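Each chain is listed here by its residues.
2 protein chains.
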Amino acid sequence: MEKILSYIKNNQEKYVEELTSFLRIPSISTSEENKNDMQTAAKFVADKLKIAGLKTVEIHQTAGHPIVYAEWMDAPDKPTVLFYGHYDVQPVDPVELWHSPPFEPVIKDDKIYARGATDDKGQLYIHIKSVEAWLSQVGKLPVNVKFLIEGEEEIGSPNLAPFIIANKNKLKCDSVLVSDTSLFAPGLPTITYGLRGLSYVEIEVTGPNRDLHSGAFGGAVPNPINVLAEIISKLHDKNGKINIDNFYADVIPLTKKERESFKKLKFSEKNFAKNLEVAQLEGEKGYSTLERIWARPTLDCNGIWGGFTGKGAKTVIPSRAYAKISMRLVANQDPKKITKLIKNHILKLAPKSVKVKVSELHGGYPVITPLDHKATLAAAKAMEKAFGKKTVFIREGGSIPVIATFATQLKAPSVLMGLGLNTENLHSPNEHFHLKHFNLGILSSAIFLDEYSK
Amino acid sequence: MEKILSYIKNNQEKYVEELTSFLRIPSISTSEENKNDMQTAAKFVADKLKIAGLKTVEIHQTAGHPIVYAEWMDAPDKPTVLFYGHYDVQPVDPVELWHSPPFEPVIKDDKIYARGATDDKGQLYIHIKSVEAWLSQVGKLPVNVKFLIEGEEEIGSPNLAPFIIANKNKLKCDSVLVSDTSLFAPGLPTITYGLRGLSYVEIEVTGPNRDLHSGAFGGAVPNPINVLAEIISKLHDKNGKINIDNFYADVIPLTKKERESFKKLKFSEKNFAKNLEVAQLEGEKGYSTLERIWARPTLDCNGIWGGFTGKGAKTVIPSRAYAKISMRLVANQDPKKITKLIKNHILKLAPKSVKVKVSELHGGYPVITPLDHKATLAAAKAMEKAFGKKTVFIREGGSIPVIATFATQLKAPSVLMGLGLNTENLHSPNEHFHLKHFNLGILSSAIFLDEYSK
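Keeping their order, the protein sequence lines are chains S and A.
Numbered per my numbering, the first sequence finishes at 473, counting up by one with no gaps.
Numbered per my numbering, the second sequence finishes at 473, counting up by one with no gaps.
Since the hints were made in silico from the structure, they are not lab data.
It is possible that some hints are incorrect.
No copy labels: a pair is met if it fits in one copy or bridges any two.
Computed cross-link-like contacts, DSSO-like style, restricted to lysine-lysine with a CA-CA straight-line distance of at most 30 Å [unchecked claim]:
hint : residue 1 : residue 2
1    : Lys-62    : Lys-455
2    : Lys-54    : Lys-330
3    : Lys-187   : Lys-127
4    : Lys-293   : Lys-333
5    : Lys-355   : Lys-409
6    : Lys-289   : Lys-400
7    : Lys-333   : Lys-304
8    : Lys-62    : Lys-473
9    : Lys-187   : Lys-159
10   : Lys-376   : Lys-333
11   : Lys-359   : Lys-257
12   : Lys-304   : Lys-74
13   : Lys-275   : Lys-289
14   : Lys-374   : Lys-293
15   : Lys-257   : Lys-371
16   : Lys-333   : Lys-257
17   : Lys-367   : Lys-275
18   : Lys-33    : Lys-304
19   : Lys-376   : Lys-293
20   : Lys-130   : Lys-355
21   : Lys-393   : Lys-62
22   : Lys-33    : Lys-260
23   : Lys-275   : Lys-376
24   : Lys-74    : Lys-276
25   : Lys-455   : Lys-376
26   : Lys-430   : Lys-356
27   : Lys-293   : Lys-22
28   : Lys-127   : Lys-367
29   : Lys-289   : Lys-355
30   : Lys-257   : Lys-374
Since this is a predicted model, take the numbers as computed values, not measurements.
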């Protein structure tokens, strides 16, 4: 192990150089004109996996961008870990706000600036390098390893779930390890063990069959905007709880231990509010801000529209009003069930005078990885050793849909060993990645392979 | 009187021919390219007033389109009536839905089809012809008459109120007579004696200082759309009453007599609902639909917007949400006072976690003309004689802002002797005017002058 770690420490410059080459490829998955760059990036990943010493390396073409698969399976009786990552990146607009061109990586203050630096090229590259260190120094890996690197994460992974479903056997594993999330704070080893799911609906309220003049009709007909507002206002109770029957039925409550560990994290609600310039935070009574975001289901209007929205005054009673409403779900809520619950609830709330339509737009399962799972423990220990600090366990408020797919299709829990930072401008201009975390990540990954084999 | 009425009856063809010429002028006030046509239309009106025998006829240029003024003041000790009307018309779009070109009048089934036929060229022309009949047959008028015909009604009369204020003495009168409203039913003589006013505000709710990802923040921050919906939902109580302190304080309640006379009107709530395709009407408890529209103040959202309103699902918590809200007011509510009431009320409803701004967009005073006013009685009697049916008294839910200006600036009540019909497509393609009502209108106007002199 010492040999491997020294090797990694001695090769840091080379790793950064290679990452720089990777970051030069403008692999923007949503952009038609970068289609060839997607192939180039996939080939880059495949080549590096071959160089690392993986025996099987395949590029699978899809209806969209290719999926790279690789494996090393010569550790019988040892568990198998699947590394997941994505080589595609977000668009670069507004490009004029970048201090240096997004695909010409620049190192400044020990951070590397480029689109994709932290999300997710820098993070996925960590595991290729740790595997390479093992194979070059020891000639074998202590566990079985698979890689699944896609090129469509930033556009919703349309071809990944079908690929997983079609290749369940090939992808079979005991756990998935993903580096695509954030450390809770710089230099603080962090495992994310829970993600929220989603149920997203659109409501359409129809009052009169046409737009009406509020002078000639006002007061005598149902106004769909007023009705919609009334419906929305009834979705929460006075304590910020979601007011839908059975909504909380399947929620796994936070354990005392979890709440205590969240409480120990350095997090200032005051600064959080100050940063957002809100005079007061708001949410479900009885829970802290971190608990509300990470471990409690929520309901938010994401959009609303109806009637006259231009400048000035138009006295119209619109025929229709619309809202988009989404609920963040936590384990073990089922988005299908929740969508049905809210749909029926809204229809029940609607007065007879209007027609209401509720359409499902999107759904995703929440996930939670047991804190005592072998892979979780191994990852936590590995980070602890690499960083020289105790690992913290957090959750995240957002969703990574593929994690739910791994859970349902491969029956494999995912360990989220993210090495990014929320402040690294992912999806914004001047994305960057702390090279210190890049290097600590490679060490963590190498130690993880060892710990996971024990 | 008989002589005058026969003269009118014998000249019906001539009147229609003249109206046809008037309707050929494309006097669209909002359209820059029709600027010269506005002058042509004003001149047409002035010429016809001269031909009718009015002694003073003036065209007043304004910052916008001209105002035509005329008077005949040789009836000392007799009251003075001011006829108000407008020669400008609405735009013609969508022009492809017209069955004949909007400025090439066509007569079909005793209706004349053209833009401006009922709103308001046909209706204003009535009074020019009645005055002409009097002066040509008798050589004088039984009362003093003034005409005030503007060219900017369809664009909000920006130059009329300043003109009235600057010419209070010139425009001094005992009553104003306006034909720019509708009969309650075809062939049914109708006086409109009340109009609603308006208070129109825009609300801006600001939550966090920027749009946020609902995954990373949902549940912990105030969502401005949810807050806005909550505010709107609290503006009505369960009985459809407006839930703002003192909102109803200045409302003149409907008299028993008014309610009875409304009840006698042939009006089917069932058909009204059916026509709008609503399963159920909605409004303030304890009032009929006509009462709600005509004589009760109301509150409606006219527009709402915020967050993501495109196709699909975007999990955003927006920084801001907006709504436009207007209240229709009834005598004697003061729009300034009401605007202040709602503003304070909304600020009081808003939770501390958000910033709320309420801006006044528009206001207008409600009006009510006493049913026992001399001019009201004369107009009702005149219509009754011309139509051969008892005149009904109705109110209207909309506003005609100039009527409030007459009330406040000239201290003159307005009698609304409308001869249009709600079904005559004013503001829509295929606007038309029933020639039967055009002719009955000229007779009514001629008889009115006589009745008003008594």
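Here is how each hint holds up against the structure:
no., hint, in the structure
1, Lys-62 <-> Lys-455, "within (27 Å within a copy, 83 Å between copies)"
2, Lys-54 <-> Lys-330, "between (42 Å within a copy, 25 Å between copies)"
3, Lys-187 <-> Lys-127, "neither (43 Å within a copy, 75 Å between copies)"
4, Lys-293 <-> Lys-333, "between (37 Å within a copy, 25 Å between copies)"
5, Lys-355 <-> Lys-409, "neither (38 Å within a copy, 64 Å between copies)"
6, Lys-289 <-> Lys-400, "neither (32 Å within a copy, 74 Å between copies)"
7, Lys-333 <-> Lys-304, "between (40 Å within a copy, 26 Å between copies)"
8, Lys-62 <-> Lys-473, "neither (34 Å within a copy, 101 Å between copies)"
9, Lys-187 <-> Lys-159, "within (25 Å within a copy, 101 Å between copies)"
10, Lys-376 <-> Lys-333, "both (26 Å within a copy, 19 Å between copies)"
11, Lys-359 <-> Lys-257, "both (23 Å within a copy, 28 Å between copies)"
12, Lys-304 <-> Lys-74, "neither (54 Å within a copy, 78 Å between copies)"
13, Lys-275 <-> Lys-289, "within (24 Å within a copy, 60 Å between copies)"
14, Lys-374 <-> Lys-293, "between (42 Å within a copy, 14 Å between copies)"
15, Lys-257 <-> Lys-371, "both (26 Å within a copy, 15 Å between copies)"
16, Lys-333 <-> Lys-257, "between (34 Å within a copy, 27 Å between copies)"
17, Lys-367 <-> Lys-275, "neither (37 Å within a copy, 39 Å between copies)"
18, Lys-33 <-> Lys-304, "neither (51 Å within a copy, 78 Å between copies)"
19, Lys-376 <-> Lys-293, "between (39 Å within a copy, 20 Å between copies)"
20, Lys-130 <-> Lys-355, "neither (42 Å within a copy, 59 Å between copies)"
21, Lys-393 <-> Lys-62, "neither (33 Å within a copy, 93 Å between copies)"
22, Lys-33 <-> Lys-260, "neither (53 Å within a copy, 74 Å between copies)"
23, Lys-275 <-> Lys-376, "neither (41 Å within a copy, 42 Å between copies)"
24, Lys-74 <-> Lys-276, "neither (43 Å within a copy, 96 Å between copies)"
25, Lys-455 <-> Lys-376, "neither (52 Å within a copy, 46 Å between copies)"
26, Lys-430 <-> Lys-356, "within (21 Å within a copy, 66 Å between copies)"
27, Lys-293 <-> Lys-22, "neither (48 Å within a copy, 84 Å between copies)"
28, Lys-127 <-> Lys-367, "neither (58 Å within a copy, 50 Å between copies)"
29, Lys-289 <-> Lys-355, "neither (36 Å within a copy, 40 Å between copies)"
30, Lys-257 <-> Lys-374, "both (27 Å within a copy, 20 Å between copies)"
Violated hints, listed in ascending order, are 3, 5, 6, 8, 12, 17, 18, 20, 21, 22, 23, 24, 25, 27, 28 and 29; each of the other numbered hints is respected by the structure.
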